[in-house]
Amino acid sequence: MNNTIKLAVHGAAGRMGQRVVALASGADSVDDASGFTVVGAIDHAEHPKSGQDAGVVAGLSPIEVPISAQWPDDVQVVIDFSLPEALDSCVEHCVANNLPLVIATTGLSDGQKESLAEAARTIPIVWAPSMSLAVNLSMKMAERITSALRDVAGGVDIEILERHHRFKADAPSGTALKFGELIADAMDTEQPVAHVHGREGHTGQRTRNEIGYHAIRVGDNPGEHTIVFGMLGEKIELNVAASNRDCYASGALAAAKWLMQGEAGGPKPAGMYNMFDVLGMADGQ
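All residue numbers for the sequence shown refer to the UniProt record's numbering, where the first residue is 1 and numbers rise by one.
Possibly wrong hints are sitting among the right ones.
Straight-line C-alpha distance at most 30 Å; calculated DSS-like pairs for lysine-lysine [what the hints assert, rightly or not]:
id, residue 1, residue 2
1, Lys257, Lys268
2, Lys6, Lys235
3, Lys140, Lys49
4, Lys168, Lys113
Ranges between beta-carbon positions, derived for each pair [claimed, not checked]:
id, residue 1, residue 2, range
5, Asn3, Thr122, 35 to 45 Å
6, Arg121, Asp151, 16 to 26 Å
7, Ser109, Gly280, 28 to 38 Å
8, Glu234, Phe167, 35 to 45 Å
By construction, these hints were calculated from the structure, which means they are not laboratory data.
Beta carbons are placed, not taken as given, at the ideal position from N, Cα and C, and that holds for glycine.
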C-alpha cells in the first residue's frame with residue numbers, strides 16, 4: 001500500500017468517476033493491485049451522494065473515503081471525469097498544489113482550453129478527448145490512411161459517424177472532432193478543409209475538401225466511432241467501439257501512472273501531454 005500512487009478522482013460520483021474509483025481500488029483486477037490508492041473522491045457539496053463512501057457508491061466494499069467537496073492533503077495525482085462547469089475549480093486546485101492532472105472532461109470552451117494551456121506551464125497535464133487506448137491507436141491509423149489516400153485518383157471522401165448514449169450533452173463528440181482535426185492535418189491541402197455537421201435539404205455536390213460529421217444518440221451506447229473513406233469503386237471503414245466504460249477509466253489510470261513516471265522518481269515536467277505521449281506514439285518518439 002505504501003508504494004501505491006495516491007489518487008484523487010474529481011467527479012467521483014458520476015458514471016465515469018465511479019468506474020475510475022472501482023478500477024483504481026482493485027475491482028476486476030486479477031491480482032487486486034492497480035498501483036493506486038484512492039485518497040480523495042471529489043464532487044460538489046450538494047450532490048445526493050455527498051458523504052457516502054466512494055467505494056460503496058462505485059459498487060465495492062467500503063474504502064473509507066467519502067465523496068466530498070473537500071480535497072485531502074496527501075494527493076499525488078488527480079483524474080478529472082466531471083463536467084465543463086466543474087473543471088475550472090479542479091484545475092485551480094491542482095495548480096495551487098502542484099498536482100499532476102489527467103483531464104477526460106469534454107465539451108470545453110475556448111476560454112477553458114486557453115486556461116489549460118496556461119496551467120500546463122506550472123503542472124503536467126494529460127488532456128485528451130478520449131482516454132481509450134483503442135481510440136487513440138485508431139486515430140493514428142486514420143492519419144496514415146488519409147495520408148496514403150490523399151492523392152488517389154478521383155479523390156477520397158471522409159465522413160465521421162459517432163454513436164453515444166442518450167444522456168451525452170455535447171455533439172459531435174470531442175473524440176469525433178479530434179479525429180477530424182488529425183485527418184484535416186493529414187489531408188495536407190492548400191485549400192481550407194470544411195467541417196460539415198450533418199446535411200439537410202438541397203446541399204449540392206459534395207466538395208473535395210470537406211469532412212462530414214454525424215452524431216447519433218441511442219440508448220446506453222458508451223461510445224462508437226466509424227471513419228468512412230469513400231473512393232470511386234471501393235471504401236474503407238475504420239470502426240472503434242467500446243462495449244463498456246471501463247476502457248476510458250483504465251486509459252485514464254494509465255495516463256495518471258505515466259504522469260508519475262518522470263525522472264528521479266518524480267512526476268513528469270510541466271507541460272501539455274496527450275494519449276499519444278502516454279502510448280509512446282507522439283511525433284518524434
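Each hint tested on the structure:
Simply put, lysine 257 and lysine 268 have alpha-carbon atoms about 10 Å apart, close enough for the 30 Å limit, and the pair holds. Taking the CA atoms of lysine 6 and lysine 235, the gap is about 47 Å. The hint is violated against a cut of 30 Å. A C-alpha spacing of about 39 Å is found between lysine 140 and lysine 49, which places the hinted pair above 30 Å, so the restraint is violated. Restraint check for lysine 168 and lysine 113: the C-alpha separation of about 20 Å stays at or below 30 Å, so the hint holds.
Taking 35 to 45 Å as the suggested C-beta distance range, the pair asparagine 3 and threonine 122 does not conform, at roughly 27 Å. In this structure, arginine 121 and aspartate 151 break the distance hint of 16 to 26 Å, their C-beta atoms being roughly 40 Å apart. Restraint check, serine 109 to glycine 280: a C-beta distance of roughly 31 Å satisfies the suggested window 28 to 38 Å. A C-beta distance of roughly 37 Å is found between glutamate 234 and phenylalanine 167, which places it inside the suggested range of 35 to 45 Å.
Violated hints, in rising order: 2, 3, 5 and 6; the structure is consistent with all others.
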